[in-house]
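With the hints as constraints, model all of the structure from the sequences given.
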Amino acid sequence: MTGRQEVDLTAPLGSGTVPNPLSTAAGCAGFGRELARFVPLDQLGTLTTRTVLPRAGAGLPGPRIVAVPGGLLNAVGGQQPGIDGFLRRELPWLAERGVRTVVSIGGHRLEDFTGLAARLAGRDGVRGLELNLSAPGAADRGLLFAANPAVSHDVVAAVKAVAPELPVYAKLAPDTGTITEVAAACAAAGADGLSMVNTARGMAIDLDARRPALGAPGGYGGLSGPALRPIAVHCVFQVHAAMRAGRMPAVPILAMGGVRTGRDALEFTLAGASGVAVGSELLRDPTAPLRILDELRAELAARGFAAHTDAVGLAHRTTTTEDGRQ
1 MTGRQEVDLT APLGSGTVPN PLSTAAGCAG FGRELARFVP LDQLGTLTTR
51 TVLPRAGAGL PGPRIVAVPG GLLNAVGGQQ PGIDGFLRRE LPWLAERGVR
101 TVVSIGGHRL EDFTGLAARL AGRDGVRGLE LNLSAPGAAD RGLLFAANPA
151 VSHDVVAAVK AVAPELPVYA KLAPDTGTIT EVAAACAAAG ADGLSMVNTA
201 RGMAIDLDAR RPALGAPGGY GGLSGPALRP IAVHCVFQVH AAMRAGRMPA
251 VPILAMGGVR TGRDALEFTL AGASGVAVGS ELLRDPTAPL RILDELRAEL
301 AARGFAAHTD AVGLAHRTTT TEDGRQ
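In case it helps, UniProt numbering puts the sequence shown at residues 1 to 326.
FYI, nobody ran anything at the bench for these hints, they're computed from the structure. Just so it is clear, CB atoms sit at the ideal spot from N, CA and C, and this is done for glycine as well. There is no bait here: all hints are sound.
Restraint-style ranges between C-beta atoms, simulated for each label pair:
{"#": "1", "residue 1": "Asp310", "residue 2": "Arg211", "range": "48 to 58 Å"}
{"#": "2", "residue 1": "Asp124", "residue 2": "Phe38", "range": "19 to 29 Å"}
{"#": "3", "residue 1": "Ala121", "residue 2": "Gln79", "range": "21 to 31 Å"}
{"#": "4", "residue 1": "Gly59", "residue 2": "Arg97", "range": "22 to 32 Å"}
{"#": "5", "residue 1": "Ala161", "residue 2": "Gly98", "range": "27 to 37 Å"}
{"#": "6", "residue 1": "Arg88", "residue 2": "Ala245", "range": "39 to 49 Å"}
{"#": "7", "residue 1": "Arg210", "residue 2": "Ala121", "range": "43 to 53 Å"}
{"#": "8", "residue 1": "Arg263", "residue 2": "Thr318", "range": "13 to 23 Å"}
{"#": "9", "residue 1": "Arg317", "residue 2": "Glu6", "range": "17 to 27 Å"}
{"#": "10", "residue 1": "Arg211", "residue 2": "Asp42", "range": "42 to 52 Å"}
{"#": "11", "residue 1": "Arg88", "residue 2": "Arg37", "range": "21 to 31 Å"}
{"#": "12", "residue 1": "Gly115", "residue 2": "Asp310", "range": "39 to 49 Å"}
{"#": "13", "residue 1": "Ser15", "residue 2": "Arg210", "range": "50 to 60 Å"}
Here's what the structure looks like:
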């Protein structure tokens, strides 16, 4: 197909580049082993891992995933091998296959993030860190780190201090009401990019059991899939507008939230994203990343773009306000 030769898909990763803008959303591809049966992982721009925590965890009680109109609700929790298990088993496997790995890290205290970053700095195969600021943080009285600009700033700054050579992306929540302020604080603290957005809180009720359908304490989970995409597009648009207006440092945005097709990926690109990550679509179609990449290439070629980067943020040319109103 001619579009394959005509469109340069090179995308930024911090101050460097990767061959294309496609990644996986944290949690949706695990640590790559299952996805590798369907997709050559080294053909992805990057692979973002499941969030790694200081200690291994079994996750939350079931049910953990519930289908809802337009997507999924999930409450998986911290099911992962901990940093020791990740370094012993998962990272060597990824490095042997030439995967450009971005490791998602999380925790309940600032020291959790810095401790993990220090363990990952200088490791073969680690191309970047994604800070999962969208998980409950005991240091912030049970609120999301990503709801508090000052706390988010401190986490990013501390991680950059212990891992200065690694691109650090801050992952933000869509439903805090402060996303532009938090994005600006993270960029000011030295974040090399922003991952936008995590899931939005939601709930479903089991009518027969007369209780929340998810087994997690509180009964709520994270909404993903196409129902999340308009919210995520707006978040990306708002933050990119703030960058264009000079209200915050300009850094690359990795967008996620209901990406199922190349058209979805292009929508995020026009809103201001330099890269896109595929999440819950992997559960329906594990070959989705390379299909979406081919579709994005075709969409760009059909519109006369020579490079993916040429399309980033072009939707802002026809608007005069941050929220897109004329």
